[in-house]
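Engineer: Residue strings, one per chain:
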Amino acid sequence: MSHTWALTLSRMRLAMRNRAFLFFSLIMPIGFLFIYAGILGRQNGAAIPFLLADVLALTVMGSFWGLSVQLVTFREQGILRRFRVAPISASAMLASSIISNYVLTIPTIIIEFYLSRKVFHMSGMGNLVGVFVLLTLGIVTFATLGLVISSVTNSMQETQIINQIIWFAFLFLSGATVPFPSLPGAVQRVAYFLPATYLVSGLQQSMSAVDPVGISELGLNLASMIGCTIIAFLVSAQLFRWEPEAKPPRRAKLWAAAAIIPFLLLGIWENKHEHVLARAISDYQSIERTSPPETPVR
Amino acid sequence: MSTAVIEVENLTKRYGDVEALRGVSFSVSEGEVFGLLGPNGAGKTSTVEILEGLRTPDNGRVSVCGLDPQHSGAEFKYAIGAALQSTALPDKMRVREALDLFGSFYPRRRGTTELLKRFGLEEKRNAFYSQLSGGQKQRLALAMALVNDPRVVFLDEPTAGLDPQVRREIYAIIEELKKEKKTILLTTHYIEEAERLCDRVAIIDHGNVIALGTPRELKERSGAVTRITVRVARPETNGALNTLEGVAECRTEADDYLLYSTRVPRTIVALVKHLEEQNNELVSLEISAPSLEDIFLELTGRRLRD
Numbered sequence: 436m437s438h439t440w441a442l443t444l445s446r447m448r449l450a451m452r453n454r455a456f457l458f459f460s461l462i463m464p465i466g467f468l469f470i471y472a473g474i475l476g477r478q479n480g481a482a483i484p485f486l487l488a489d490v491l492a493l494t495v496m497g498s499f500w501g502l503s504v505q506l507v508t509f510r511e512q513g514i515l516r517r518f519r520v521a522p523i524s525a526s527a528m529l530a531s532s533i534i535s536n537y538v539l540t541i542p543t544i545i546i547e548f549y550l551s552r553k554v555f556h557m558s559g560m561g562n563l564v565g566v567f568v569l570l571t572l573g574i575v576t577f578a579t580l581g582l583v584i585s586s587v588t589n590s591m592q593e594t595q596i597i598n599q600i601i602w603f604a605f606l607f608l609s610g611a612t613v614p615f616p617s618l619p620g621a622v623q624r625v626a627y628f629l630p631a632t633y634l635v636s637g638l639q640q641s642m643s644a645v646d647p648v649g650i651s652e653l654g655l656n657l658a659s660m661i662g663c664t665i666i667a668f669l670v671s672a673q674l675f676r677w678e679p680e681a682k683p684p685r686r687a688k689l690w691a692a693a694a695i696i697p698f699l700l701l702g703i704w705e706n707k708h709e710h711v712l713a714r715a716i717s718d719y720q721s722i723e724r725t726s727p728p729e730t731p732v733r
Numbered sequence: 110m111s112t113a114v115i116e117v118e119n120l121t122k123r124y125g126d127v128e129a130l131r132g133v134s135f136s137v138s139e140g141e142v143f144g145l146l147g148p149n150g151a152g153k154t155s156t157v158e159i160l161e162g163l164r165t166p167d168n169g170r171v172s173v174c175g176l177d178p179q180h181s182g183a184e185f186k187y188a189i190g191a192a193l194q195s196t197a198l199p200d201k202m203r204v205r206e207a208l209d210l211f212g213s214f215y216p217r218r219r220g221t222t223e224l225l226k227r228f229g230l231e232e233k234r235n236a237f238y239s240q241l242s243g244g245q246k247q248r249l250a251l252a253m254a255l256v257n258d259p260r261v262v263f264l265d266e267p268t269a270g271l272d273p274q275v276r277r278e279i280y281a282i283i284e285e286l287k288k289e290k291k292t293i294l295l296t297t298h299y300i301e302e303a304e305r306l307c308d309r310v311a312i313i314d315h316g317n318v319i320a321l322g323t324p325r326e327l328k329e330r331s332g333a334v335t336r337i338t339v340r341v342a343r344p345e346t347n348g349a350l351n352t353l354e355g356v357a358e359c360r361t362e363a364d365d366y367l368l369y370s371t372r373v374p375r376t377i378v379a380l381v382k383h384l385e386e387q388n389n390e391l392v393s394l395e396i397s398a399p400s401l402e403d404i405f406l407e408l409t410g411r412r413l414r415d
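Taken in order, these protein sequences are the chains called A and B. For what it's worth, the working numbering labels the leading residue of the first sequence as 436, then goes sequentially. For what it's worth, the working numbering labels the leading residue of the second sequence as 110, then goes sequentially.
Just so you know, these hints were derived from the structure itself, not from any lab. Since this is a predicted model, take the numbers as computed values, not measurements. In this text, a Cβ means the ideal position worked out from N, Cα and C, and glycines have one as well. One or more hints might be untrue.
Stated by the list, open to error - Quick list of simulated restraints, FRET-style, between CB atoms: (1) A:Ile546 with B:Glu223: 54 to 64 Å; (2) A:Met591 with B:Glu223: 48 to 58 Å; (3) A:Glu678 with B:Gly169: 12 to 22 Å; (4) B:His180 with A:Tyr537: 54 to 64 Å; (5) B:Thr165 with A:Val554: 49 to 59 Å; (6) A:Ile546 with B:Lys288: 23 to 33 Å; (7) A:Leu700 with B:Ala269: 51 to 61 Å; (8) A:Ile541 with B:Glu284: 49 to 59 Å; (9) B:Gly243 with A:Gly559: 26 to 36 Å; (10) B:Ala398 with A:Ser437: 25 to 35 Å.
Said to hold, decoys possible - Here chain A is said to cover these stretches of chain B; the calculated rule only asks that three of the stretch's residues, wherever they fall, bring their Cβ under 8 Å from a Cβ of chain A: (11) 113 to 122; (12) 130 to 143; (13) 392 to 405.
Unchecked claim - Over the 10 Å line for every Cβ pair with chain B, so calculated as not near, a few chain A residues: (14) Ser437; (15) Gly513; (16) Ile523; (17) Tyr549; (18) His710.
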């Protein structure tokens with residue numbers, strides 16, 4: 436355990452010295468906030484918590500990208516094999532990735548909240564406890580997904596291609612950029628299988644100033660994240676490769692796919708009940724009601 | 110000799126179609142500096158990395174401090190230190206941080222300050238890894254190998270790619286470790302490194318140990334002949350020197366006679382006797398011992414750095 440902590444501190448230091456990291460996990464998310472709240476939120480102040488929810492989701496989702504790239508870099512450069520000679524386990528290495536990412540993402544989230552209140556005059560905050568739980572589980576889940584990706588890819592190039600595909604799916608299908616009710620029905624059905632969809636909808640529902648959901652109503656959502664994290668972590672530890680030239684075993688991709696089983700189940704359930712859609716529609720309507728178009732723009 | 114700290118028996122390893130190791134055996138005693146000498150691709154790194162637990166052998170048995178590198182876990186890792194051939198640290202990790210971090214993994218450790226001082230890295234303590242020169246990186250790798258004060262140290266090509274002066278610095282460090290009675294296994298393709306540092310040497314070629322012994326034994330045991338360069342007052346007839354005891358061949362080169370001897374002491378005695386009988390006088394005499402390079406050439410028909 437103390438090894439994990441020492442590794443975590445070291446990786447936090449390295450991340451802070453990494454310009455790309457600072458850009459993607461601090462500058463870019465805050466940029467999103469200014470675009471969202473500054474442009475979209477100008478017409479409607481009541482939408483701010485809702486927009487912040489989207490920005491928070493984007494901040495959290497980005498975790499998978501950073502972590503997969505970090506681990507692949509460490510492996511390709513032969514850094515991991517030096518750790519392998521020391522008494523360091525794959526789990527300690529993976530856990531340090533997750534914890535350091537968590538600790539470093541929290542300040543960005545606090546800044547986003549702070550700016551939303553001070554600059555964009557956000558009033559209500561919905562169910563703060565629920566938001567915190569969702570954010571915490573979200574950061575961990577998406578980080579672990581990044582670790583799974585790095586456990587099946589063979590090169591940085593391959594990793595980046597897979598990351599791009601996943602990122603675009605998360606970005607456009609989750610409801611974080613395009614409002615979920617505006618997506619075509621068939622796309623919505625696919626989006627129900629994405630972890631990002633539940634992060635976005637969960638955050639939107641919890642942040643709602645009018646009718647925030649309680650944590651118990653997020654049960655399935657949270658359980659899926661926990662299930663996904665556990666499977667993803669175990670698979671990553673099992674498939675962990677220290678050596679630059681080591682190839683993943685033939686069934687690795689199948690194993691990695693097992694990590695999204697909880698979300699497949701949730702997706703099937705959601706395809707049947709469409710709670711996410713119904714709630715998103717009512718939330719968007721409530722925002723429009725609270726702030727009718729004729730209200731003067733602030 | 111005391112008990113074996115490293116034991117390797119009949120080690121085989123294959124990568125696809127390439128047979129990297131074809132039954133390598135040797136053992137290393139406590140406090141010994143043992144060298145694996147051979148050209149690139151001979152199987153040196155495969156052997157060392159199996160001993161470090163980084164690779165699994167296909168067949169054969171290895172033990173380090175009585176432990177199986179594959180299955181002994183932390184106890185094994187505490188006992189060894191390693192400077193790998195292809196190793197790196199994150200670019201933005203500072204020298205001091207690397208030693209602190211790796212030191213923190215072990216129950217028994219050497220102080221960072223002490224290591225920095227000993228390896229001449231005090232001035233670079235706050236430098237990023239990416240800012241170090243090749244020699245400094247190598248010294249850091251050596252310092253990291255010693256961070257847990259290990260019983261056995263593996264050094265895989267510790268001086269490869271370094272310029273001669275830096276190489277000598279590294280030699281001095283290894284010689285100091287030798288004084289501390291560390292058991293050291295090092296690989297190299299530099300003859301002078303093996304000759305200077307190693308108590309015993311195994312010459313490896315194509316995955317086989319083709320010769321094993323102290324550098325001196327290897328020279329004596331092999332048929333390698335020693336060259337004795339002789340200059341005398343009056344010319345000798347070739348035939349006469351050729352018949353001296355131990356002389357395999359005799360050539361003339363300008364005013365010198367080159368005697369290739371398999372038994373140097375006897376040849377010299379015979380030479381002196383012969384010259385006395387002939388009333389001739391010895392002007393100069395020079396003995397050039399065969400190097401490991403000569404031995405390698407003789408054993409394999411190839412030069413080491415081919």
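Engineer: Work down the list of hints and note, for each, if the structure agrees.
Structural biologist: Results for each hint:
1. A:Ile546 with B:Glu223: 54 to 64 Å: Once the Cβ atoms are compared, 42 Å apart, the range 54 to 64 Å for Glu223 of chain B and Ile546 of chain A is violated.
2. A:Met591 with B:Glu223: 48 to 58 Å: This hint is violated: roughly 38 Å between Cβ atoms.
3. A:Glu678 with B:Gly169: 12 to 22 Å: Because 20 Å falls inside the window, the suggested range holds.
4. B:His180 with A:Tyr537: 54 to 64 Å: Given about 34 Å between the Cβ atoms, the range is violated.
5. B:Thr165 with A:Val554: 49 to 59 Å: holds (58 Å)
6. A:Ile546 with B:Lys288: 23 to 33 Å: Roughly 56 Å apart at Cβ, these two residues miss the hinted range, so it is violated.
7. A:Leu700 with B:Ala269: 51 to 61 Å: holds (54 Å)
8. A:Ile541 with B:Glu284: 49 to 59 Å: holds (51 Å)
9. B:Gly243 with A:Gly559: 26 to 36 Å: Check failed, 60 Å falls outside 26 to 36 Å.
10. B:Ala398 with A:Ser437: 25 to 35 Å: For Ala398 of chain B and Ser437 of chain A the Cβ distance comes to about 54 Å; the hint is violated.
11. 113 to 122: violated (count 0)
12. 130 to 143: With 0 residues in contact (Cβ-Cβ under 8 Å with chain A), the coverage given for the stretch 130 to 143 of chain B is violated.
13. 392 to 405: violated (count 0)
14. Ser437: Its Cβ does come within 10 Å of chain B, the nearest being 7 Å, so this is violated.
15. Gly513: violated (5 Å)
16. Ile523: The claim is violated: Ile523 of chain A sits with its nearest Cβ about 6 Å from chain B, within 10 Å.
17. Tyr549: holds (28 Å)
18. His710: The assertion about His710 of chain A holds, with a minimum of 44 Å to chain B.
Going through the hint list in order, the structure does not satisfy hints 1, 2, 4, 6, 9, 10, 11, 12, 13, 14, 15 and 16.
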